[in-house]
Amino acid sequence: MAYYSEDDLNRFSEIGKYRPDLFEKFMAWYHACQEDGALSRREKALIGLAVAHALQCPYCIDSFSQSCLESGSNMEQMTEAIHMASALRGGASLIHGLQAHDSVNKVSM
Amino acid sequence: MSTALPFIPAESAANSSIDFDEKLAAHGMELRAAAVDTLQVNVGKLCNQVCKHCHVDAGPGRTEIMTRETAEQVIAVVQKFRISTVDITGGAPELNPSFRYLVTKARALGAHVIVRHNLTVMFEPDQEDLPGFFRDHSVEVVSSLPYFLEEQTDAQRGRGVFEKSIEALRRLNAVGCGIEGSGLILDLVYNPVGAFLPPPQTSIEADFKRELATRYGISFNYLYTITNMPIRRFLDFLRRSGNEERYMRKLVEAFNPGTVQGLMCRTMVSVDWTGRLYDCDFNQMLELGVAPELPETIADFDPENFARRRIMTGPHCFGCTAGSGSSCGGAVAVSALGDR
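Residue numbers (the numbering used here), protein chains in the order written: chain A, 6 to 114; chain B, 68 to 407.
Derived from the structure by calculation, the hints contain no laboratory data.
Take the hints with a grain of salt, since some may be wrong.
Cβ-Cβ distance ranges computed for the label pairs, FRET-style [said to hold, decoys possible]:
(1) A/Phe-31 <-> B/Glu-195: 56 to 62 angstroms
(2) A/Glu-19 <-> B/His-204: 57 to 63 angstroms
(3) B/Ile-85 <-> A/Leu-27: 26 to 32 angstroms
(4) B/Glu-195 <-> A/Asn-79: 29 to 35 angstroms
(5) B/Ala-241 <-> A/Trp-34: 51 to 57 angstroms
(6) A/Glu-11 <-> B/Gly-227: 42 to 48 angstroms
(7) A/Leu-27 <-> B/Arg-306: 36 to 42 angstroms
In the SDA-like style, the derived pairs of lysine to any residue whose C-alpha atoms are separated by at most 20 angstroms in a straight line are [stated by the list, open to error]:
(8) B/Lys-276 <-> A/Ser-45
(9) B/Lys-276 <-> A/Gln-82
(10) B/Lys-231 <-> B/Glu-247
(11) B/Lys-231 <-> B/Leu-176
(12) B/Lys-276 <-> A/Asn-79
(13) B/Lys-119 <-> B/Lys-276
(14) B/Lys-276 <-> A/Glu-81
(15) B/Lys-231 <-> B/Ser-249
(16) B/Lys-276 <-> B/Glu-230
(17) B/Lys-231 <-> B/Pro-127
(18) B/Lys-276 <-> B/Asp-254
(19) A/Lys-22 <-> A/Met-32
Sample of chain B residues with no beta-carbon within 10 angstroms of chain A, all distances over it, derived [stated by the list, open to error]:
(20) Gly-95
(21) Asp-193
(22) Pro-266
(23) Thr-364
This structure is a prediction, so every number in the text was calculated from the model and none was measured.
Yeah, the Cβ is synthetic: ideal placement off N, Cα and C, and Gly gets one too.
Turn these sequences into a full structure, and let the hints guide you.
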């Protein structure tokens with residue numbers, strides 16, 4: 006059994022089977038978040054793509070790649086967004102190196 | 068549903084109707100013409116390019132082109148019924164020997180003439196004077212340029228097309244086409260380079276204007292976004308790439324009843340290279356003729372019969388009603404049109 010299937014995205018509404026009220030609230034919130042506001046849909050789609058990569062969610066990556074194309078972004082722009090997410094992930098790991106340094110220093114002469 | 072939202076359907080695709088007329092009926096609508104303002108003339112399938120998304124399946128090897136006799140019948144209809152707009156397409160319509168006859172006669176009759184010009188045909192033998200021809204006859208030039216970068220454009224339209232297209236646009240600008248104040252209109256058409264919907268028209272138009280001006284010094288009037296139709300070559304691509312089901316689901320899910328009023332089929336009639344009549348160029352390529360109670364050919368055309376006609380539909384019609392909608396004049400939903 007594969008853990009991830011492309012078709013699962015189309016089955017997403019099945020999550021609403023037992024608590025449709027909560028699912029409906031989620032969908033309303035999910036869509037409202039992405040409407041044009043102080044940020045454009047295009048900017049929000051790029052944020053979504055970056056977050057999807059940070060979360061390493063294959064469904065989100067698929068969805069937001071399409072969303073970026075359909076809001077007018079090109080591969081260069083999308084790749085920059087992915088680098089932002091990756092850089093943040095890398096930086097977040099790297100700065101924890103100070104904790105390692107502190108830990109080592111604490112027990113060192 | 069917005070086209071820009073990531074595709075998370077609120078209902079299972081299995082519940083989505085794929086019958087276009089049923090979808091309209093569910094919204095209390097039916098598709099009927101409102102008038103016949105435009106005669107769209109497809110003069111044949113001959114083209115100097117072989118674009119991957121082409122719903123005509125046009126190319127250099129195609130021999131189906133309109134004869135002078137049929138072109139004369141078209142002009143007779145334009146004259147008799149005072150058709151206000153003649154929209155000439157192909158293939159590359161300029162390669163038809165009757166192309167300049169059609170443009171010249173239609174203009175002399177006072178019709179507004181639109182030519183779907185692929186730009187690179189300008190570099191074919193005996194076609195280098197096209198910019199001057201368009202200028203002299205005040206033709207509205209509508210040209211496909213799927214993106215302002217070489218990679219995407221060549222991926223869709225063939226290697227080397229982008230470079231030639233940029234040079235052609237410069238030549239059109241040089242005679243005034245697309246230059247503010249000249250009165251000569253040069254519009255561009257954006258088609259997605261793949262199995263996805265176009266971005267909002269006003270948004271991508273701003274990108275094109277900025278990038279074409281700064282990178283190449285090119286200007287144009289409007290950019291129209293057109294959805295790729297699941298017909299012929301693009302349908303082949305969808306099937307080869309395993310995208311057909313997903314793309315069709317996307318079109319159906321993105322159905323926008325706000326596009327129906329502005330659909331191009333409501334104000335035009337399409338005629339093919341043999342003189343047969345259709346509700347649109349897409350129906351033409353599917354050989355889906357006008358409603359059976361109507362005359363079949365241009366020789367028997369009468370706008371009285373066609374003005375309120377029932378329009379023939381199929382699953383491909385979801386391509387024109389998805390998101391902001393799509394037509395030969397770009398997006399059709401009122402909210403997508405901005406100030407144009």
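Taking the hints in turn, this is what the structure says about them:
A/Phe-31 and B/Glu-195 have their C-beta atoms about 60 angstroms apart, which keeps the hinted 56 to 62 angstroms range intact. Checked against the hint of 57 to 63 angstroms, the pair A/Glu-19 and B/His-204 passes, with Cβ atoms roughly 59 angstroms apart. A hinted range of 26 to 32 angstroms holds for the C-beta pair B/Ile-85 and A/Leu-27, which are about 30 angstroms apart. Take B/Glu-195 and A/Asn-79: their Cβ atoms lie about 32 angstroms apart, and the range 29 to 35 angstroms holds.
At roughly 53 angstroms, the beta carbons of B/Ala-241 and A/Trp-34 sit within the given window of 51 to 57 angstroms. At roughly 35 angstroms, the beta carbons of A/Glu-11 and B/Gly-227 sit outside the given window of 42 to 48 angstroms. For A/Leu-27 and B/Arg-306, the Cβ-Cβ distance of about 39 angstroms falls inside the hinted range of 36 to 42 angstroms, so the restraint holds. For the hint linking B/Lys-276 to A/Ser-45, the alpha-carbon distance of about 19 angstroms falls within 20 angstroms, and the restraint holds.
The straight-line distance between the Cα atoms of B/Lys-276 and A/Gln-82 is roughly 18 angstroms, inside the 20 angstroms bound, and the hint therefore holds. This hinted pair does not check out: B/Lys-231 and B/Glu-247 have alpha carbons roughly 23 angstroms apart, beyond 20 angstroms. Simply put, B/Lys-231 and B/Leu-176 have alpha-carbon atoms about 33 angstroms apart, too far for the 20 angstroms limit, and the pair is violated. Taking the CA atoms of B/Lys-276 and A/Asn-79, the gap is about 16 angstroms. The hint holds against a cut of 20 angstroms.
For the proposed pair B/Lys-119 and B/Lys-276, the alpha carbon gap of about 25 angstroms is over 20 angstroms, so the pair is violated. Taking the CA atoms of B/Lys-276 and A/Glu-81, the gap is near 18 angstroms; set against the 20 angstroms cutoff, the hint holds. Distance check on the hinted pair: B/Lys-231 and B/Ser-249 sit about 24 angstroms apart at the alpha-carbon level, beyond 20 angstroms; violated. The hinted pair formed by B/Lys-276 and B/Glu-230 meets the criterion: a straight-line CA distance of about 17 angstroms does not exceed 20 angstroms.
For the given pair, B/Lys-231 sits about 17 angstroms from B/Pro-127 by alpha-carbon distance, which is consistent with the 20 angstroms threshold. With a CA separation close to 11 angstroms, the supplied pair B/Lys-276 and B/Asp-254 stays within the 20 angstroms bound. Restraint check for A/Lys-22 and A/Met-32: satisfied, since their Cα atoms lie roughly 14 angstroms apart, inside the 20 angstroms limit. Listed as outside the interface, B/Gly-95 is consistent with that label: its C-beta sits roughly 24 angstroms from the nearest C-beta of chain A, beyond the 10 angstroms cut-off.
Listed as a non-interface residue, B/Asp-193 keeps its Cβ farther than 10 angstroms from every Cβ of chain A; the least gap is roughly 37 angstroms. Listed as outside the interface, B/Pro-266 is inconsistent with that label: its C-beta sits roughly 3 angstroms from the nearest C-beta of chain A, within the 10 angstroms cut-off. Annotated as non-interface, B/Thr-364 keeps its C-beta farther than 10 angstroms from every C-beta of chain A; the closest such distance is 40 angstroms.
Checked against the numbered hints listed earlier, the structure breaks hints 6, 10, 11, 13, 15, 22; every other hint is satisfied.
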